[in-house]
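Next come the chains, spelled out residue by residue.
Protein chains: 2
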Amino acid sequence: MYAASDLIAGLTLGLTIVPQSIAYASLARLPSENGLYSAFTGGFLYMLFGTIPQVSIGPTSLMSLLTLQYIGSLPDENKIQYLCLLTFLCGVVELLMGLLHLGFLTEIISTPVISGFTSASAVIIIESQIRHILGITIHSHGITDGVIELFNRIDHIKLGDTLLGVICIALLLTLRQLKNISCGKKVLKQFGWFISVSRNAIIVLLCCLTAYYYDKSGSTVPFKLTANVISGIPAPKFPTFHIDEGNTTQTSFETIKKLGNGFITIPIVAVLINVSIAKAFATAGTIDATQEMLTLSLCNMFASCFSAMPICGAFTRSAVSNASGVKTPFSNFYSALITIFALTFLTPWFRYIPKATLAAVLIAAVIFLIDVQILKPLWKSCRRDFFILVATFFLCLYFGVEIGLLIGAAGNLIYLLYLWARPRITREKCKNEYGEYLVITPDIGLFYLGTDYLYTYLAKIARQNRTKLPIAVNCCYFKSMDYTAIKGLSMISQDYKNDNQHLVFYNVCDFILNVYKNSDCKNIQFCGVNENLNEYLFSTEIDFRRSVTIPIMDTELQELGNNGQGREKQEVESLLRQENEKNIPVVDE
Amino acid sequence: MYAASDLIAGLTLGLTIVPQSIAYASLARLPSENGLYSAFTGGFLYMLFGTIPQVSIGPTSLMSLLTLQYIGSLPDENKIQYLCLLTFLCGVVELLMGLLHLGFLTEIISTPVISGFTSASAVIIIESQIRHILGITIHSHGITDGVIELFNRIDHIKLGDTLLGVICIALLLTLRQLKNISCGKKVLKQFGWFISVSRNAIIVLLCCLTAYYYDKSGSTVPFKLTANVISGIPAPKFPTFHIDEGNTTQTSFETIKKLGNGFITIPIVAVLINVSIAKAFATAGTIDATQEMLTLSLCNMFASCFSAMPICGAFTRSAVSNASGVKTPFSNFYSALITIFALTFLTPWFRYIPKATLAAVLIAAVIFLIDVQILKPLWKSCRRDFFILVATFFLCLYFGVEIGLLIGAAGNLIYLLYLWARPRITREKCKNEYGEYLVITPDIGLFYLGTDYLYTYLAKIARQNRTKLPIAVNCCYFKSMDYTAIKGLSMISQDYKNDNQHLVFYNVCDFILNVYKNSDCKNIQFCGVNENLNEYLFSTEIDFRRSVTIPIMDTELQELGNNGQGREKQEVESLLRQENEKNIPVVDE
Numbered sequence: 001m002y003a004a005s006d007l008i009a010g011l012t013l014g015l016t017i018v019p020q021s022i023a024y025a026s027l028a029r030l031p032s033e034n035g036l037y038s039a040f041t042g043g044f045l046y047m048l049f050g051t052i053p054q055v056s057i058g059p060t061s062l063m064s065l066l067t068l069q070y071i072g073s074l075p076d077e078n079k080i081q082y083l084c085l086l087t088f089l090c091g092v093v094e095l096l097m098g099l100l101h102l103g104f105l106t107e108i109i110s111t112p113v114i115s116g117f118t119s120a121s122a123v124i125i126i127e128s129q130i131r132h133i134l135g136i137t138i139h140s141h142g143i144t145d146g147v148i149e150l151f152n153r154i155d156h157i158k159l160g161d162t163l164l165g166v167i168c169i170a171l172l173l174t175l176r177q178l179k180n181i182s183c184g185k186k187v188l189k190q191f192g193w194f195i196s197v198s199r200n201a202i203i204v205l206l207c208c209l210t211a212y213y214y215d216k217s218g219s220t221v222p223f224k225l226t227a228n229v230i231s232g233i234p235a236p237k238f239p240t241f242h243i244d245e246g247n248t249t250q251t252s253f254e255t256i257k258k259l260g261n262g263f264i265t266i267p268i269v270a271v272l273i274n275v276s277i278a279k280a281f282a283t284a285g286t287i288d289a290t291q292e293m294l295t296l297s298l299c300n301m302f303a304s305c306f307s308a309m310p311i312c313g314a315f316t317r318s319a320v321s322n323a324s325g326v327k328t329p330f331s332n333f334y335s336a337l338i339t340i341f342a343l344t345f346l347t348p349w350f351r352y353i354p355k356a357t358l359a360a361v362l363i364a365a366v367i368f369l370i371d372v373q374i375l376k377p378l379w380k381s382c383r384r385d386f387f388i389l390v391a392t393f394f395l396c397l398y399f400g401v402e403i404g405l406l407i408g409a410a411g412n413l414i415y416l417l418y419l420w421a422r423p424r425i426t427r428e429k430c431k432n433e434y435g436e437y438l439v440i441t442p443d444i445g446l447f448y449l450g451t452d453y454l455y456t457y458l459a460k461i462a463r464q465n466r467t468k469l470p471i472a473v474n475c476c477y478f479k480s481m482d483y484t485a486i487k488g489l490s491m492i493s494q495d496y497k498n499d500n501q502h503l504v505f506y507n508v509c510d511f512i513l514n515v516y517k518n519s520d521c522k523n524i525q526f527c528g529v530n531e532n533l534n535e536y537l538f539s540t541e542i543d544f545r546r547s548v549t550i551p552i553m554d555t556e557l558q559e560l561g562n563n564g565q566g567r568e569k570q571e572v573e574s575l576l577r578q579e580n581e582k583n584i585p586v587v588d589e
Numbered sequence: 001m002y003a004a005s006d007l008i009a010g011l012t013l014g015l016t017i018v019p020q021s022i023a024y025a026s027l028a029r030l031p032s033e034n035g036l037y038s039a040f041t042g043g044f045l046y047m048l049f050g051t052i053p054q055v056s057i058g059p060t061s062l063m064s065l066l067t068l069q070y071i072g073s074l075p076d077e078n079k080i081q082y083l084c085l086l087t088f089l090c091g092v093v094e095l096l097m098g099l100l101h102l103g104f105l106t107e108i109i110s111t112p113v114i115s116g117f118t119s120a121s122a123v124i125i126i127e128s129q130i131r132h133i134l135g136i137t138i139h140s141h142g143i144t145d146g147v148i149e150l151f152n153r154i155d156h157i158k159l160g161d162t163l164l165g166v167i168c169i170a171l172l173l174t175l176r177q178l179k180n181i182s183c184g185k186k187v188l189k190q191f192g193w194f195i196s197v198s199r200n201a202i203i204v205l206l207c208c209l210t211a212y213y214y215d216k217s218g219s220t221v222p223f224k225l226t227a228n229v230i231s232g233i234p235a236p237k238f239p240t241f242h243i244d245e246g247n248t249t250q251t252s253f254e255t256i257k258k259l260g261n262g263f264i265t266i267p268i269v270a271v272l273i274n275v276s277i278a279k280a281f282a283t284a285g286t287i288d289a290t291q292e293m294l295t296l297s298l299c300n301m302f303a304s305c306f307s308a309m310p311i312c313g314a315f316t317r318s319a320v321s322n323a324s325g326v327k328t329p330f331s332n333f334y335s336a337l338i339t340i341f342a343l344t345f346l347t348p349w350f351r352y353i354p355k356a357t358l359a360a361v362l363i364a365a366v367i368f369l370i371d372v373q374i375l376k377p378l379w380k381s382c383r384r385d386f387f388i389l390v391a392t393f394f395l396c397l398y399f400g401v402e403i404g405l406l407i408g409a410a411g412n413l414i415y416l417l418y419l420w421a422r423p424r425i426t427r428e429k430c431k432n433e434y435g436e437y438l439v440i441t442p443d444i445g446l447f448y449l450g451t452d453y454l455y456t457y458l459a460k461i462a463r464q465n466r467t468k469l470p471i472a473v474n475c476c477y478f479k480s481m482d483y484t485a486i487k488g489l490s491m492i493s494q495d496y497k498n499d500n501q502h503l504v505f506y507n508v509c510d511f512i513l514n515v516y517k518n519s520d521c522k523n524i525q526f527c528g529v530n531e532n533l534n535e536y537l538f539s540t541e542i543d544f545r546r547s548v549t550i551p552i553m554d555t556e557l558q559e560l561g562n563n564g565q566g567r568e569k570q571e572v573e574s575l576l577r578q579e580n581e582k583n584i585p586v587v588d589e
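Here the protein sequences line up with chains A and B, keeping their order. For the first sequence, UniProt numbering begins at 1 and goes up steadily by one. For the second sequence, UniProt numbering begins at 1 and goes up steadily by one.
Keep in mind that the hints were calculated from the coordinates and are not lab data. Don't take every hint at face value.
You can't tell identical chains apart in this list, so a pair holds if it fits in one copy or across any two.
[As the list claims (entries may be wrong)] Result set (PhoX-like, lysine-lysine): computed pairs, CA atoms no more than 25 angstroms apart in a straight line:
hint: 1; residue 1: 517; residue 2: 497
hint: 2; residue 1: 487; residue 2: 380
hint: 3; residue 1: 258; residue 2: 237
hint: 4; residue 1: 216; residue 2: 376
hint: 5; residue 1: 279; residue 2: 327
hint: 6; residue 1: 258; residue 2: 185
hint: 7; residue 1: 497; residue 2: 279
hint: 8; residue 1: 468; residue 2: 522
hint: 9; residue 1: 279; residue 2: 216
hint: 10; residue 1: 158; residue 2: 224
hint: 11; residue 1: 487; residue 2: 497
hint: 12; residue 1: 497; residue 2: 327
hint: 13; residue 1: 522; residue 2: 279
hint: 14; residue 1: 468; residue 2: 429
hint: 15; residue 1: 431; residue 2: 460
Let the hints inform the model, and build the full structure from the sequences given.
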C-alpha cells in the first residue's frame, strides 16, 4: 500500500524534477545534463538515510543562484571541475555541521530575514530570466545594470521568444490553478490535479514538439533552443583539488580560494531550507536535525562525483510530493529512476527545448517565492521585523544574497543585545507605614552590557533625589549576574554611601547573593527574596525585630500595573480570594 | 587656592610625564622627542575642553604598544609621516564617535576582557623591555619567538646594562612604597610622598649624571645610551595623506591602507581608557562621554600636527594627579609647560639617559597593570568571566592585542545571545479543583532565537504527555515578541490541536496580545494577565461564568520557589498578612 502511494508520488515528482533540473542548470549557466545529474544522485541516498518522506532532494532555484554567484565568473573550460569541488566541499561542511551539532546556527536566521532573502532571490532569478523570454543577450552583472542594459537593448527583442515565453508563463500559471478547481466528479478533479502538478513537463513537451516540427519542416525555428545534452550517466569521479588554469598549476589552497566563501554560505542555506521543509511537514518535534544534515552531506558528496550542482530539499517539489500522498522517502527512488530514464533515452529531444520555455518554467516557479502577503501583518504587528525584512530584501538585491542574509541576521541579533544594553526601567514613589521610598525596576536581567546604563540611571536618580528618599531596586528579573555588573553595583553603592543616600537591591536570588559573596566587591546592600525590605530601607529608624506585622509590599502591584503588566496583581488577587483550594505539586523533572 | 593646588599637581605630573614620554617613545621604537611632543600637545587642549580634573592626557603604554603594532614595520624613512597620519585619523574617528554618540560601543567590553587585555599588554611590554635591561639585541617579532631568541642569546648579556636595569627597577619599586610609609611627622610624610611620585625623574636624573660622569672622565660608558634628542618645539604641520615610498607615489587610499585597522582599534581603546578613568575619578554620573570623546579627538588632531603619538588619558598619571590634590583640568597646562621646558633646555642631557633606565621605568610602570588579584574572586564568583579573562589574555599575547580584545568581546556577547537562545525552562505538575495540569515557565522573553528551542521542548512534552493533561505556559517573562516567535507558537499550537491536547499561554501582556491580533497567525490560546487561566484550561468541562470563587494559582509559588527564586511567594505571603496598610502611589515619571 505504502509502495503504491510512493510510486505515484515518485512518478509525479519525476515529471516535475526533470524539466526543473534543466531550467535550474540554465539558471546557473551550466549544461542541462549537470542539472539532471543533480536530480538523480541525491534521491538514491535520501531514500536510504532521509527521515522526512516529503523532502524531495535535488537542484533548487536558490542553490542554482548561489552556484552561479560563486562559480559563474570562473573560466568555462574547467567550470565543471570547480562545480564538483564546490558540491563536494558543501558536503564536507554539512558533515562538519552535523558532527558538531551546529544545526542551531540556522536558528539565528529569523522568519523576516528568510522571507526577505527568498523574495530577493526570486526577484534576481526573474530578472535574470526575462532576457531569455525576450530573446535579448545581456552581459551586465548586478540587477541595476542588468535592468538598464535590458531597457537599452529593448529594440532587440525577438518576437518568437517573447511570444513563446509569455504564452508558456500564462499556461503554467493557469494550469497551476487547475488543482484548486472543484468540480463534481472525483476522477475529473484528480485528473485536473495531475495535469496541474505535471504542468512543467507538459509545457516543455509541447514546446519541444513545436520546435521539432519547425526543424523537420525545414524552416528555421523562430526561438532560441538549448544546447545539445550529453546522453547517459557519467562514470563517477572523485572531484579534484588541483585545478590547472591554462598552463599554471594551482595548489589546492589556491583552487579552493577561487570558490570564495561559497562552501560556507551554500551549506548554511541548504541546511536552513532542509530544516524548514522538515519542520513544515514533519510531525511536531520529530525532526532529527543532525540526521538531516548528515544525509544532506552524504547526498552532496555523492552528487559531487557525478558533476552535480549543490543539492538540497526543494519547497515546491516537497509540496507536490506531499499532495501526491507520499508515505516514505522511497519516493525519491522513483523520481531518480525517471531522471535516469530521461538521461538515457530522452536526451536527443532535450535540445529542442526552447530557452524561453525554460525561463518561463523558472519564472512561474519562483514568482510565488516573492512573499508579499507577509508585509501587511508584519507592518501591523511588528514593525521592526518589517524593516528587517525590507532591509534584507534590498541588501540581497544590491549587494548579493549572502551579504543581505548576513547583515539581516546580524541586525536581528543586535536588537537582542540592545535589549540587554538598554533595559526599560520603571520608577515609582511608594509609601508604607515606615515612610516613603522610590522603587526602580529594570525589566530584564543585568549583565555587563546594561551595567553602565543602570549606573547612569541610578546616578541621575541620586542627583534628583533631593529629599534623600531611600531607593529600592527591584531585581525580580535578575536571574544571574556577571562580575562587571556586580562591580558596577558596588561602584554606585559607594557613590550613594558617599552621598548619604540609602540604596537597596531587593528580590535578589540566592545565585546572585552567592556571586556577590565570593567576589571582591563591597558596599552593596542586597535584600534576598525571603528577607524584609523594610529592615534594609528604614533600618536606622525602627527596630524591626520587635514589630510583628510585616508591612504590605503593594508597590510592585502598581508599578507593574502601570507598566502594562499587572501580572503580580492577578496572582495576588486570586490568592486573596483563596478558599479551601488544594494544590498538590508533583515534582516532575 | 585652586590655582595653587593645580600648580603643585601640574609640577608633580610634569616630573612623571617627561621621563615616561621618553620611555613610551622608546617602546614604540620612535625618537624620544616624539614622545615629548605627545606629552605637551594634549595638555593645552584638555585644559580648555576637558571635564575631569584628574585626567592626564598624553602618551600611554597601551597607545605606544598599539602604535608599534601598526607602524612598527613601516619603513624608517617616513615612519614619522605615517605616525602623524595615524594620530590624525585616530582623532577623526574619535570625532565621529563623539558626533554619532558611539560612546556606548565601549560598553561591549566587560571588566574581565579589559583586565585580560591590559594584563597581556603589560606582559608584552615587559617582554619587549627585558632585552634592553639585558643589553641584548633581538630581531624576532611575537612573544614566543622573542623569548626563544632571548634564551638563545643569553650569553650575550651585557653586565653594565643588566646591573643598571636591575638596580633601577629595584629602586623604582622601593621608592614607590615610600608613600605608604607612615611616620610621625607630617612634613616627612609629605616629603616621602613627593620623592615617591617623582621617582621616575629622580632615577633618570641619577642615571644621566652617572653616564655624564663616565663620558667626561674619558672612559667608555658601560651601558647603552639613547640617541640624540632634537631640541625645541617643531613647527606645526598638517599631516599628509600622500606618503611616497622610495620612488613610487601612493594614493591616499594606499597610504591609509598601510596603517591597517589601527585608526579603528586605537580610538576605541583610547575612548575606553578615557571613559574608565573618568568613571573612576568623576563624581557619580557626571561624566559627559560625548564631550570626553570630542576633547580626545581635538587633542589627537592637534597633536598630529606636532608628530605626536596617539594620546589619551593615562591611569597611573591620573592617580598621581589625584593624589597631588588636583582641582581643575588646568593642571595639564603646568605639566605641558614643564615638557616644553624640558624640550627647550634639557635635550642635550637626554642623550645621557641609558636605555636600561628607560626599560626599567617602563617595566616598573606596567608591572602593576598585570591584574592577578582579580583572578581569585573571579574564579570563586563567576567562573565564566574567569575563562573569558584567561582566553582574552592568551589571545592578546599570541595573536595580538586587538584580536584578543575583539574575540574576548565577541565571546562575551555570544553568551548574552545564548541566554535568549536557550531559556531555562521549568516544568511542574499542578492540581486545583478543576483538575491537573502542567505549568511550563521559560525564564526569559521569547524572540526568534529561542523559538525553536521552546518549540522542540513543547513538542517533547506533547509526546510524553500521554494522559493529555492541559498544558499552561507561563509567559510572565515575555515583555515583547517578534513575528518569528508568534509564528512558532502558532505552529506548535496547531500541532497540539491536531493531537487534541490543550495548550494555553497565560500571563500574556497586552503588547504581545496586540502583536498576535495584528499578525496573520492563528490557533494560539493566549490568556491575558487579567483573565482566568482555568477558563482556558478546563473550558470544555465547566461553565466558569457561573462559578464565583476563583481558584488559587499557587502553582507559580512552588515552581518559582523550586527555581531558587520564590519571589512571588514573599510578595504573596506579605499580602496575606496585610493589615490596615496604606499605600499611596505617586506617579513620578
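Homomeric proximity label, residue 522 with residue 279: Cα distance no greater than 25 angstroms: For residue 522 and residue 279, only the inter-copy Cα distance (17 angstroms) is at most 25 angstroms; the intra-copy one is 51 angstroms.
Status of residue 327 relative to residue 279 across identical chains (alpha carbons, at most 25 angstroms): Result: close within a single copy only, 16 angstroms intra versus 66 angstroms inter.
Intra/inter-copy verdict for residue 279 and residue 216 if alpha-carbon distance must be at most 25 angstroms: Neither way: residue 279 and residue 216 sit 50 angstroms apart in one copy and 87 angstroms across, limit 25 angstroms.
Intra- versus inter-copy proximity for residue 237 and residue 258 (alpha-carbon distance at most 25 angstroms): within (21 angstroms within a copy, 46 angstroms between copies)
Status of residue 185 relative to residue 258 across identical chains (alpha carbons, at most 25 angstroms): Result: close neither inside a copy nor across copies, 58 angstroms intra and 77 angstroms inter.
Homomeric proximity label, residue 158 with residue 224: Cα distance no greater than 25 angstroms: within (9 angstroms within a copy, 84 angstroms between copies)
Identical-chain pair category, residue 216 with residue 376, by Cα at 25 angstroms: Neither: 53 angstroms inside a copy, 89 angstroms across copies.
Same-copy or cross-copy closeness of residue 431 to residue 460 [CA-CA at most 25 angstroms]: Classified as within; 21 angstroms inside a copy, 47 angstroms across copies.
25 angstroms Cα threshold - placement of residue 497 relative to residue 487: within (15 angstroms within a copy, 49 angstroms between copies)
Alpha-carbon proximity between residue 517 and residue 497, which holds within one copy, between copies, both or neither at 25 angstroms: within (19 angstroms within a copy, 48 angstroms between copies)
Intra- versus inter-copy proximity for residue 380 and residue 487 (alpha-carbon distance at most 25 angstroms): Between copies only: 15 angstroms across chains, 42 angstroms inside a chain, cut-off 25 angstroms.
Residue 468 and residue 522: within-copy, between-copy, both or neither at 25 angstroms Cα: Within. Shortest intra-copy distance 22 angstroms satisfies the 25 angstroms Cα cut-off; inter-copy 51 angstroms does not.
Going through the hint list in order, the structure does not satisfy hints 4, 6, 9.
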